Amino acid sequence: MPHYEPWNAERASQIIAQHRHQEGATLPILHALQETFGCVPEAAVPLIAEALNLSRAEIHGTVTFYHDFREEPPGRRVLKLCRAESCQAAGGDALAARAEEKLGVEMGGTTADRRVTLEAVYCLGLCHSSPAALLDHDKVYGMLDERKLDALLKEAQA
Amino acid sequence: MSERMYISRDSGALCVGAEDVTNAFRKAAEKRNLGLEIVRTGSRGLYWLEPLVEVETPRGRVGYGPVGAGDVESLLDQGEKHPLCLGLVEEIPWLKKQTRLTFARCGIVDPRSLDDYKRHKGYAGLTKALQVGPEATVEEVINSGLRGRGGAGFPTGIKWRTVAQTPPQQKYIVCNADEGDSGTFADRMIMEGDPFVLIEGMTIAGIAVGATYGYIYIRSEYPHSIEAMEIAISKAREGGMLGRGIAGSKYDFDMEVRAGAGAYVCGEETSLLESLEGKRGEVRAKPPLPAHIGLFAKPTVINNVLSLATVPIIMSDGGAYYRDFGMGKSRGTMPIQLAGNIKHGGLYETAFGITLGELVDDIGGGTRSGRPVRAVQVGGPLGAYFPRELFDTPFDYEAFTARDGLIGHGGIVVFDDTVDMAKQARFAMEFCAIESCGKCTPCRIGSARGVELVDKIVNGENRAENLIVLEDLCNTMKFGSLCALGGFTPYPVMSALNHFPEDFGAERKRLVAAE
Numbered sequence: 007m008p009h010y011e012p013w014n015a016e017r018a019s020q021i022i023a024q025h026r027h028q029e030g031a032t033l034p035i036l037h038a039l040q041e042t043f044g045c046v047p048e049a050a051v052p053l054i055a056e057a058l059n060l061s062r063a064e065i066h067g068t069v070t071f072y073h074d075f076r077e078e079p080p081g082r083r084v085l086k087l088c089r090a091e092s093c094q095a096a097g098g099d100a101l102a103a104r105a106e107e108k109l110g111v112e113m114g115g116t117t118a119d120r121r122v123t124l125e126a127v128y129c130l131g132l133c134h135s136s137p138a139a140l141l142d143h144d145k146v147y148g149m150l151d152e153r154k155l156d157a158l159l160k161e162a163q164a
Numbered sequence: 008m009s010e011r012m013y014i015s016r017d018s019g020a021l022c023v024g025a026e027d028v029t030n031a032f033r034k035a036a037e038k039r040n041l042g043l044e045i046v047r048t049g050s051r052g053l054y055w056l057e058p059l060v061e062v063e064t065p066r067g068r069v070g071y072g073p074v075g076a077g078d079v080e081s082l083l084d085q086g087e088k089h090p091l092c093l094g095l096v097e098e099i100p101w102l103k104k105q106t107r108l109t110f111a112r113c114g115i116v117d118p119r120s121l122d123d124y125k126r127h128k129g130y131a132g133l134t135k136a137l138q139v140g141p142e143a144t145v146e147e148v149i150n151s152g153l154r155g156r157g158g159a160g161f162p163t164g165i166k167w168r169t170v171a172q173t174p175p176q177q178k179y180i181v182c183n184a185d186e187g188d189s190g191t192f193a194d195r196m197i198m199e200g201d202p203f204v205l206i207e208g209m210t211i212a213g214i215a216v217g218a219t220y221g222y223i224y225i226r227s228e229y230p231h232s233i234e235a236m237e238i239a240i241s242k243a244r245e246g247g248m249l250g251r252g253i254a255g256s257k258y259d260f261d262m263e264v265r266a267g268a269g270a271y272v273c274g275e276e277t278s279l280l281e282s283l284e285g286k287r288g289e290v291r292a293k294p295p296l297p298a299h300i301g302l303f304a305k306p307t308v309i310n311n312v313l314s315l316a317t318v319p320i321i322m323s324d325g326g327a328y329y330r331d332f333g334m335g336k337s338r339g340t341m342p343i344q345l346a347g348n349i350k351h352g353g354l355y356e357t358a359f360g361i362t363l364g365e366l367v368d369d370i371g372g373g374t375r376s377g378r379p380v381r382a383v384q385v386g387g388p389l390g391a392y393f394p395r396e397l398f399d400t401p402f403d404y405e406a407f408t409a410r411d412g413l414i415g416h417g418g419i420v421v422f423d424d425t426v427d428m429a430k431q432a433r434f435a436m437e438f439c440a441i442e443s444c445g446k447c448t449p450c451r452i453g454s455a456r457g458v459e460l461v462d463k464i465v466n467g468e469n470r471a472e473n474l475i476v477l478e479d480l481c482n483t484m485k486f487g488s489l490c491a492l493g494g495f496t497p498y499p500v501m502s503a504l505n506h507f508p509e510d511f512g513a514e515r516k517r518l519v520a521a522e
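The listed protein sequences derive, respectively, from chains A and B. Our numbering runs 6 ahead of the 1-based position in the first sequence. Our numbering runs 7 ahead of the 1-based position in the second sequence.
Since the hints were made in silico from the structure, they are not lab data. All values reported here derive from a predicted model rather than from experimental measurement. Wrong hints could be hidden among the right ones.
[Claimed, not checked] Covered, in the sense of this in silico footprint (three residues per stretch, anywhere, with C-beta under 8 Å from a C-beta of chain A), are these stretches of chain B: (1) 351 to 357; (2) 423 to 434.
[Claimed, not checked] Mimicking DSS-like on lysine-lysine, the simulated pairs with C-alpha atoms at most 30 Å apart in a straight line are: (3) K286(B) x K305(B); (4) K145(A) x K242(B); (5) K135(B) x K103(B); (6) K350(B) x K145(A).
Beta carbons are placed, not taken as given, at the ideal position from N, Cα and C, and that holds for glycine.
Excised from the complex, chain A in its bound form:
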């Protein structure tokens, strides 16, 4: 289960310094920050801009372009349900609606107790075993049906 550190500018600067010498360092830096803090807060933008000698606007533009980067840390667990065509064909729409109902949140939302963030993802590459889901960083689930989804929701809420 991921554990995130609270935002700390000094720690962020250390992480940035570790990656800044790579070619095209912006994305590796953003990933590393998000891994540590669970998000890339606005306060990180000027730090990255200064380290890479780029404008704040450029960094802001990059951060906001990509779906992965969050402004706020997610819930304790992140459950991503695939909503792309292959999973739609295999009953994914109904499962997504069921997950929203059971968790009491819409896609993109976090439960009130901050235990689970539910998100849509467009393809996990498990289309041979649709419908598919991803819990946290790398726990994958395929061939979901109501029973398996309920078990997965339970695991996510535990």
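With chain A held as given, fit chain B onto it using these hints.
Here is chain B on its own, set in the frame of chain A:
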């Protein structure tokens, strides 16, 4: 049962419980005092049989599947008499009928072992490339007829020659592993099942065009692929197959993995290059071609995973050998991915020319739901929907183009008769609106207007007029967009409308183009 067993750790196997099965075998073996060695491989691509457990015997590997953790004790008791026994894996017709060139080793070797790769013909292609030299290597790839497997189908060797002909300077090999199309998983399977073949392919490309560094841009939705490639890269480096003086030659080549960040459009090559440079993944206008001004403005070969992973066998067995498979201008084999509501989901590598009907009905076994197949989408979210009437279409770049479709990256998503095609058309526009990079107007604005139009048509608002407007909008997107995202979104929309007009409340006849 003998003592060596093979279980995939590919995420497609993990998602149906391969880890639990492996642990159950380890536990049971310990309890029984069995000396059991479990080798974690990639997947054979027979995903409906995963978790597939293979046991080494003097006759070859005997398969069992799909195995659940609860089957482990009875499997150890009954061996080949167990109802889940599939016999010799190589003899399973689904696998036996394939022509495995790109995927020859997938599911067989240990993807974390350089030695195992070498034992299975690994690096024979590089050896050949070193023997014949860069120019002959480029010629061999051109002669093979290999076309870009990412979707565009541009001849791979021609891209290489263009980069090779630029003056000596820093050049790059970029592997596009941003496999975002729903219904596709071939890149993922290679990276998790046979990562060294991709490293070898990129290394050959580097030598052929004079590039010394490579990047593999893998989408963040593929954490297992990222891990597998990183492990393989460090093993190759330790084994002298990356870095300075590869395999004792005068050539240097190294590479690294970069993770994407959830943008579908970054599968478009110029957008991917922008992303690698640390910018917003906005598409570049072409020309200049990436071959001339690519990554960090340097000459760059950018190829899909499958194109690069096919290069080693082209070099080791010859371009002519590869070219002899296939039909027309589509040479060699295509790893076709069967997905969606399908009974036998998986990867089927075969020569071009097989028909869509054979793939869906015979090989795929029809729908998993048991209901009739109504539509299949070929080539990802930007590919056309085909009705049963077009199932005689052969799998071939030109044949699909002739029927207003595309084969793209080779994914086929099957839908049964409960599908609402107007909803699918709306989704195509919606997806384009979500994923548009925003650089060109037809894609950015057109997709938003497209969603509204489909809604109006379905709600019966000025249906006849709005159908004409939708077709007109699709033409604007098709011919006015900078890249395939806006340019190809009309394929699923128009094919849904043309082949399934009844779902839009329209009459079943060919629509007339707006003037």
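Task: Violated hints - listed by number, lowest first - done: none
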